[in-house]
Amino acid sequence: MKVFTIIKEDSKRIPDKNFIDINGYPLWWYLLSELEGLHVTVNTDSQKFINQLRSSQLKSIKVINRLQKHIDWENDENLGSSPVEDMLFEFCETIDRSEIVVLTHVTSPFLKKETIFDAVDMLQNDHKSKSIHSVHQVQDFVWLKRANEVSPVNFFTDRIQRTQDLSPILISKGAFFIARAGDILDQRNRLPEPLLFFPLDHVQAVEIDNFEDLKFARLLSALY
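If you want the numbering used here, it's the position in the sequence shown, counting the first as 1, plus 480.
Among the hints, a few may not be true.
Using 20 Å as the maximum straight-line C-alpha spacing, the simulated SDA-like pairs for lysine to any residue come out as follows [unchecked claim]:
1) K608 x Y505
2) K492 x D693
3) K592 x A685
4) K488 x W509
5) K539 x Y505
6) K593 x L676
7) K488 x I580
8) K492 x Q527
9) K482 x G654
Label pairs and their in silico Cβ distance ranges [said to hold, decoys possible]:
10) E692 x N628: 20 to 30 Å
11) I544 x I649: 29 to 39 Å
12) S561 x L650: 16 to 26 Å
13) S652 x M481: 14 to 24 Å
Note that these hints are calculated values from the structure, not bench results. All figures in this text were calculated on a predicted structure; none of them were measured in a lab. For every residue, glycine included, the Cβ atom is placed at its ideal position computed from N, Cα and C.
The task is simple: from the sequences and hints, build the whole structure.
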């Protein structure tokens, strides 16, 4: 099993996000320290991260420098897309096609390695599926908002429903995208089909996307 992740120097929504302090440690440290001992490769454009990693006690992290084409891609606002998949494809081309690849993100600081192992086991025991993705599963009433229009997804005004009777809503989480390198390359997709979903608990489902997430993560890190 190979773990692949990315760490960039600059962030827009939360400036310096990957390095922001959470109870004495930079954000990136939480996931990478949890994954210490696994085969982890970090694609980065950040000398700051490299310097911090060298000063840490983490010894099993391999670093590869981000290609200029990916830096340019990420900085081109006209493209409206991320180069992460292309980075993943190039990483998969350097390893055996049969290897299980775990694409993860340091913005999921409370993900546990045991959860990754459980997800890999689920994928390997399902002989039809080719990938597995982390989700947060909720059973609640949901509306979809498009511009100024709001439409119900599973809410009916003509009767009162019980939330426990609702079909689960699966919310995509960037904690992990897991598949074999060959399947990723064949389908040119980080989630080759058929696809499985792996529900995360509330804590592991936390992602740092905005300042409210950051505040919540600081509270959680003080408790766990």
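Inset, instruction - Quick one: which hint numbers does this structure break? Sort them smallest to largest. - result: Structure breaks hints 1, 7.
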